[in-house]
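Given chain A, put chain B in place with the hints provided.
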Amino acid sequence: MAVSPTCNGTSPSNPLTEEQQVDKLIKELQEKGTNFVLLEKTVQILELQTILRDRTTSNSDFVFNADRLMRLVIEEGLNHLPYSEHNIITPTGFRYDGIQFNRGNCGVSLCRSGEAMEIALRQCCRSIRIGKILIGEEQKVLYARLLPDIVTRRVLLLYPTIGSGTTVCKAIEVLKEARVPDENIYLVSLFLSPSGLQNITRKFPHITVVSSDITSLYPNHFSTKYFGAE
Amino acid sequence: MVSNAGSLAGGGDVEATTRKSAKRSVKIEENPIFSQSSGSSVNEMVNLTDESSSPSEETSPPRAASRTRRRTMSGGRAEHHLLTTKTGKKIYTKGRPPWYDKRGKSLKQSFLIGICGGSASGKTTVAEKIVERLGIPWVTILSMDSFYKVLNKKQIEQANSSDYNFDHPDAFDFELLHKTLDRLRVGKSVEVPVYDFNTHSRDPNPKMMYGADVLIFEGILAFHDKKIRDLMDMKVFVDTDGDLRLARRITRDVSERGRTIDGITDQYFKFVKPSFDLYIAPGMQEADLIVPRGGDNDVAIDMIVQNVMAQLVERGYDSNQNNRDRHDLVREDLPDCLPQNLIILKQTPQVRGLVTFVRDRTTSRDDHIFYSDRLMRILIEEVMNHMPYRDVEVELANGKKAAGKRKNAQICGLPIMRAGECMESALRSVVKDCVIGKILIQTNESTFDPELHYIRLPPHITRYKVIIMDATVTTGSAAMMAIRVLLDHDVKEEDIYVASLLMGQQGAHALAYAFPKVKLITTAMDSHMTENCYLIPGMGNFGDRYYGTGLDLDLDEPFEA
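Sequence order for the protein chains is A and B. Residue 166 in UniProt numbering is what sits at position 166 of the first sequence, and the numbering runs on without skipping anything. Residue 57 in UniProt numbering is what sits at position 57 of the second sequence, and the numbering runs on without skipping anything.
One or more hints might be untrue.
Claimed, not checked - List of simulated lysine-lysine pairs, DSBU-like, C-alpha gap at most 35 Å:
no.	chain 1	residue 1	chain 2	residue 2
1	B	K346	A	K132
2	A	K32	A	K203
3	B	K432	A	K132
4	A	K41	B	K407
5	A	K225	B	K432
6	A	K41	B	K401
7	A	K41	B	K517
8	A	K203	B	K401
9	A	K27	B	K401
10	A	K170	A	K203
11	A	K170	A	K132
12	A	K41	B	K400
13	A	K41	B	K179
14	B	K401	A	K24
15	B	K492	A	K32
16	B	K517	B	K179
17	A	K41	B	K432
18	A	K32	B	K346
19	B	K438	A	K24
20	A	K24	B	K407
21	B	K492	A	K41
22	A	K132	B	K400
Stated by the list, open to error - Covered by chain B, according to a simulated footprint, are these stretches of chain A (three or more residues, beta-carbon under 8 Å):
no.	region
23	47-54
24	79-91
25	116-122
26	217-223
As the list claims (entries may be wrong) - Simulated restraints, written as ranges between beta carbons of each label pair:
no.	chain 1	residue 1	chain 2	residue 2	range
27	A	L38	B	N408	22 to 28 Å
28	B	H386	A	R202	39 to 45 Å
29	B	N385	A	E138	41 to 47 Å
30	B	T348	A	V141	34 to 40 Å
31	A	I89	B	N408	42 to 48 Å
32	B	D433	A	E183	41 to 47 Å
33	A	R145	B	T348	28 to 34 Å
34	B	P459	A	Y143	51 to 57 Å
35	B	N408	A	N59	19 to 25 Å
36	A	R95	B	T348	19 to 25 Å
37	B	N385	A	E118	23 to 29 Å
38	B	I344	A	N35	34 to 40 Å
Just so you know, these hints were derived from the structure itself, not from any lab. Just so you know, these numbers come straight off a predicted model, no measurement behind them. Heads up, the beta-carbon is just placed ideally off N, CA and C, and yes, glycines get one too.
Just chain A, same shape as in the assembly:
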């Protein structure tokens, strides 16, 4: 049972495992300027991914554990936002050399599943501003409500599972129309398929991708399980 969770989906004709392919892909993309933030594969992250993948997981367990994983992904994403040195005095009167997070971030959730990540985001940043984009069939933008000063902010684009990546591409286009530079876009997701990753980064090579796993074995029933409705 020494199989890693990502290598089951490879076809036997291909000598590389999916994990190796993903590594190769990431390397290529990094050379083109894409930033990657992948969660460290600790046992507890693997467990969370397992629970979310498992079709037999109950809705309440799914929500609980999805919230946990989303929190961890967002915590990791926040680590890559800028900060500055900040020295403070403790209650006992001693100096401590700490850091302070810089202001000027915002979230944009991609409806509908992206909204599930808003809770986790707010659990980390209590009053962060959140915009919304809704994309309907045939990639039509049905609704987009962004912050007026979004051009000056770093944007966390929230979408939990990314398959083909076409919806996300459309959403990034909306952000670009609002003149958000590529470097300020942080795509935050739980699962990202290799093909989706390729599609997105081919168009927008300078964004930052934050995810817990890049794999073809992503749970494609996220909204159903999380919201309990089709």
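Using the frame of chain A, we list chain B on its own:
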């Protein structure tokens, strides 16, 4: 077997007790104090099967059933290690003071008292009375019963047919006994075997014991081996009249084990008495003190106690020692490297930023609560990385299979009141089905020793991985007490985790040294502390800030009208 504090409530003036005891030796139906004895001569215990198969007519009064002493294991599992004396003082008969010097060495050697005497002579009673009257909070009692040799097949047959002599020196493993005492004396932990008198083998789970200020070792052949005698600082022989001892055995065995008088006396004259004359009685020559009439002899016990105290003081024992040692910690240099079982959260910008919020005296209460909650969640998530997991395979909604991991442990949170309780919600948001116990440990204002005041644990606590939670670990004394209490509840050392927001390096070293298998997990570490044990730079009184009970008004939000 120090469990029954009630049985210690004897005493009073000496003459009265003596008279009472004289009466007791006649009226053997009375429940005698020695029923608490360690039952060191096992001859009658193991031969129980064949004897009891022939039911005796004159035995088994109805009340016997309710207080049977059918002990088949040495040092039973349910043994309590916390003894409360008449005066309400708590004595921990297992464990050692939670302070160590900078090299992680214990600060002083234990005072070892050896107690020897024939079976049913009242050795345990004497030991218990010494413990009570010494009034020293850390005492360990070791019984020779744990060191019976594992028997081979032939010997087991002999034992079953009453032909194996359990009172003979050959029945004991003196080598292991010496090793154990030697380690205990210098404050190291030991695994004391648990002997099963049914199978005549050792239980696979030995009992952990830790050194103490005073170590009492009792057994029928305690003075037999010179190497062991040489370790002892004081040798006490409990000399109870042979008739009385036989009478006690008869009472005990007849009323509690349903044996016949004939069987008992046979046994007595075949093994117990010859062994006593040959091996045990000569121990009297080695003794510093002989206690006639055993546990009832209050004058002799007082003498022993005074003597022990005098010798303890002579070698520098001082009940305020612990307090001073704490201050030594402040000044001493620390070992170069951090302990191996210590895990400090990866210092990512988020963790550092959150720690800054929590430490900052100007952080508003709102922010303090919000950011410390967030930090605690990250901490608990990290703790989960150190739990055991098993490999599984799951099916996705589209029918594909994927390998994965599932946690293989049940989690119990044990917050140390009050600051540790802040972490409960963090634990709940990470472990849906966790159970939460509670423990209250407070520092005694006069001795500076931590004392256990309240504890609630789930049933079957040994099935859980237990996370002891406290906001800060400074000297580690409260966490150490919590660990020891868990060990006393038979939780394995490797099943214990200590999670805290901030640890002092001294405290972490002390914990790591005393309990190398306990995992310590923290979000930040401070290497220095002030004379009165505040960490530098520290985070102030976390509990007061989190719950808003602090007096410091400028930390509070303005009152909203």
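To see whether the hints hold, each was checked on the structure:
For the given pair, B/K346 sits about 33 Å from A/K132 by alpha-carbon distance, which is consistent with the 35 Å threshold. Between the alpha carbons of A/K32 and A/K203 the distance comes to roughly 12 Å, so the proposed pair stays at or under 35 Å and holds. This hinted pair checks out: B/K432 and A/K132 have alpha carbons roughly 30 Å apart, not beyond 35 Å. Under the criterion of a C-alpha separation no larger than 35 Å, the hint pairing A/K41 with B/K407 is consistent with the structure, at around 15 Å.
Of the pairs offered as hints, the one joining A/K225 and B/K432 holds, with about 18 Å between alpha carbons and a cut-off of 35 Å not exceeded. Distance hint between A/K41 and B/K401 is fulfilled; the C-alpha atoms sit about 19 Å from each other, no more than 35 Å. With a C-alpha separation of about 25 Å, the suggested pair A/K41 and B/K517 falls inside the 35 Å cut-off, and the hint holds. Of the pairs offered as hints, the one joining A/K203 and B/K401 holds, with about 32 Å between alpha carbons and a cut-off of 35 Å not exceeded.
The hinted pair formed by A/K27 and B/K401 meets the criterion: a straight-line CA distance of about 27 Å does not exceed 35 Å. Pair hint A/K170 plus A/K203 holds up; C-alpha atoms about 11 Å apart against a cutoff of 35 Å. With a C-alpha separation of about 13 Å, the suggested pairing of A/K170 with A/K132 holds against the 35 Å cut-off. With a C-alpha separation of about 21 Å, the suggested pair A/K41 and B/K400 falls inside the 35 Å cut-off, and the hint holds.
For the suggested pair A/K41 and B/K179, the alpha carbons sit about 45 Å apart, so the restraint of at most 35 Å is broken. A distance of roughly 24 Å separates the Cα atoms of B/K401 and A/K24; the hinted pair therefore holds under the 35 Å criterion. A C-alpha spacing of about 52 Å is found between B/K492 and A/K32, which places the hinted pair above 35 Å, so the restraint is violated. For the hint pairing B/K517 with B/K179, the CA-to-CA distance comes to about 22 Å; that is within 35 Å, so the pair holds.
Between the alpha carbons of A/K41 and B/K432 the distance comes to roughly 22 Å, so the proposed pair stays at or under 35 Å and holds. With a C-alpha separation of about 29 Å, the suggested pairing of A/K32 with B/K346 holds against the 35 Å cut-off. For the suggested pair B/K438 and A/K24, the alpha carbons sit about 50 Å apart, so the restraint of at most 35 Å is broken. At roughly 31 Å between alpha-carbon atoms, A/K24 and B/K407 fall within 35 Å of each other, so this suggested pair holds.
A hinted pair counts as satisfied when its Cα atoms are at most 35 Å apart, and B/K492 with A/K41 qualifies at roughly 28 Å. At roughly 33 Å between alpha-carbon atoms, A/K132 and B/K400 fall within 35 Å of each other, so this suggested pair holds. Counting residues of the region 47-54 of chain A whose C-beta sits closer than 8 Å to any C-beta of chain B gives 6, which meets the bar of three, so the coverage hint holds. A count of 8 residues in the region 79-91 of chain A with a Cβ less than 8 Å from any Cβ of chain B is obtained; the coverage claim is therefore met, three being the minimum.
Interface restraint, the region 116-122 of chain A with chain B: violated (0 residues with C-beta to C-beta distance below 8 Å; minimum three). As drawn, the region 217-223 of chain A meets chain B at 4 residues by the rule of a beta-carbon pair under 8 Å; at three or more, the given contact holds. The hinted window of 22 to 28 Å between A/L38 and B/N408 holds, with their beta carbons roughly 25 Å apart. Distance hint check: the CB atoms of B/H386 and A/R202 are about 40 Å apart, consistent with the given range 39 to 45 Å.
A C-beta distance of roughly 44 Å is found between B/N385 and A/E138, which places it inside the suggested range of 41 to 47 Å. Between B/T348 and A/V141 the beta carbon distance is about 35 Å. The supplied range of 34 to 40 Å therefore holds. A C-beta distance of roughly 45 Å is found between A/I89 and B/N408, which places it inside the suggested range of 42 to 48 Å. A hinted range of 41 to 47 Å holds for the C-beta pair B/D433 and A/E183, which are about 43 Å apart.
Between A/R145 and B/T348 the CB atoms are about 32 Å apart, so this pair conforms to the stated range of 28 to 34 Å. Roughly 54 Å separates the CB atoms of B/P459 and A/Y143, a value that falls within the hinted 51 to 57 Å. In this structure the supplied range 19 to 25 Å holds for B/N408 paired with A/N59, their Cβ-Cβ distance being about 24 Å. Separated by about 22 Å at the C-beta atoms, A/R95 and B/T348 satisfy the suggested range of 19 to 25 Å.
A beta carbon spacing of about 27 Å between B/N385 and A/E118 agrees with the range 23 to 29 Å that was offered as a hint. Between B/I344 and A/N35 the beta carbons are some 27 Å apart, a value that contradicts the proposed interval 34 to 40 Å.
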